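**Q** The primary structure of each chain is shown beneath.
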Amino acid sequence: MTIHPIIYIIAGFLFWSALFLLFYGVQATGCHLAGDNVSALGEHPVLRSVLIGLLLLSIAAGIGPFLRARKRRAERQPADDTAQFVREVGGYVWLAAAIAIPFSFGGVAWLTLCGT
Amino acid sequence: MLFGLGATLLAGCTGDLSALDPAGPSAASIARLWWVMLAASALLFLLVMGLLFVAIMFPHFGRRISQRSWILAGGLALPIPILFALTFYAFWQGEYLLRGGGTEAEELVRVEALGTRWQWQFRYPDTAENPTTSGVLHIPAGRTVEVAVTSTDVIHSFWIPRLAGKIDAVPGHVTYLRLRADRPGRYGGQCAEYCGTGHAGMNFEVHAHAEEDYAAALGIEKAP
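Chain order of the listed sequences is A and B. Following the working numbering, the numbering of the first sequence begins with 1 at its first residue and continues without gaps. Following the working numbering, the numbering of the second sequence begins with 1001 at its first residue and continues without gaps.
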């Protein structure tokens, strides 16, 4: 199935935004389930493990479309310059999303999760 | 005239509600972050404006460098390390802030703040009598205080600019803020989230007392 290049570009941003909501929701729900004792700034190993697992999956899911786009570009001759350009931009948007994921969400590995 | 204008603008940097005049480690951490961000952005602004000026005055400047190199250097190589450095500095300061200046949890003095349109009430669960005060929060100076903040009606925001950052007061939920006043004194507090027609007047005072005066300020007999 061929994805329209514009959809492909927008999907990179949407993917990152959906992950933002997901991380936010999992962290907030985890802290809520941890109980009222959040003021003690305790450790939450289960929640941290879940978030780190989610982070690794997200990085893999972000890199995949970029690698696929590169492979497709190498295999196929594009119809015209504009289509080639738009596809290239789409690939870089996914690359930016893949880089932004550990940058934005990597803090789940070491920052305080609950306590405010 | 310039002196007058400068003096007027700088007057905003002091006073009872000035975050740039910190009186405790949490607020000092926020002020430090602000100065670091300001310095970094000023340097970047000067660099960009400098390059623009040179490009206008000397049209041949930079032509030996390819367009691609300019884009990679200006769009990636320059901003990404700066962004990384500032973000990780902010993370580090945030962690410090979260602990109210690095204090261990068992050393905390606990108080409760209840926001209600349009006043603040405070309780002191660490004291046997658990007294209530309205509009004035009493804390011991030199100790880290954990304020458990909540609301009875709408979302408010609890803010003592000279002592700490803001924290939302959310109905049905308790949020925590840790702060410390280094010295005894009076500090201004203000609701920082618009909450209705009385929002502007929803302020309070923090009285930081010397350790030996704290119990008396709460009207409590000190244990012998």
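Calculated from the structure, these hints are not laboratory results. It is possible that part of the hints are untrue.
Unchecked claim - With a straight-line cut-off of 20 angstroms between C-alpha atoms, the simulated SDA-like cross-links for lysine to any residue are:
1) LYS1166/B - PRO5/A
2) LYS71/A - PRO5/A
3) LYS71/A - LEU55/A
4) LYS1166/B - GLN1190/B
5) LYS1166/B - PRO1022/B
6) LYS1166/B - LEU1005/B
7) LYS1166/B - ARG1186/B
8) LYS1166/B - GLY115/A
9) LYS1166/B - PHE1058/B
10) LYS1166/B - LEU33/A
11) LYS1166/B - SER1066/B
12) LYS1166/B - LYS71/A
Keep in mind that this is a model prediction, so the values were computed, not measured.
**Q** Does each hint fit the structure? Answer for all of them.
**A** Verification of the supplied hints:
no.: 1; hint: LYS1166/B - PRO5/A; in the structure: violated (43 angstroms)
no.: 2; hint: LYS71/A - PRO5/A; in the structure: holds (15 angstroms)
no.: 3; hint: LYS71/A - LEU55/A; in the structure: violated (25 angstroms)
no.: 4; hint: LYS1166/B - GLN1190/B; in the structure: holds (10 angstroms)
no.: 5; hint: LYS1166/B - PRO1022/B; in the structure: holds (14 angstroms)
no.: 6; hint: LYS1166/B - LEU1005/B; in the structure: violated (30 angstroms)
no.: 7; hint: LYS1166/B - ARG1186/B; in the structure: holds (18 angstroms)
no.: 8; hint: LYS1166/B - GLY115/A; in the structure: holds (14 angstroms)
no.: 9; hint: LYS1166/B - PHE1058/B; in the structure: violated (48 angstroms)
no.: 10; hint: LYS1166/B - LEU33/A; in the structure: violated (25 angstroms)
no.: 11; hint: LYS1166/B - SER1066/B; in the structure: violated (47 angstroms)
no.: 12; hint: LYS1166/B - LYS71/A; in the structure: violated (49 angstroms)
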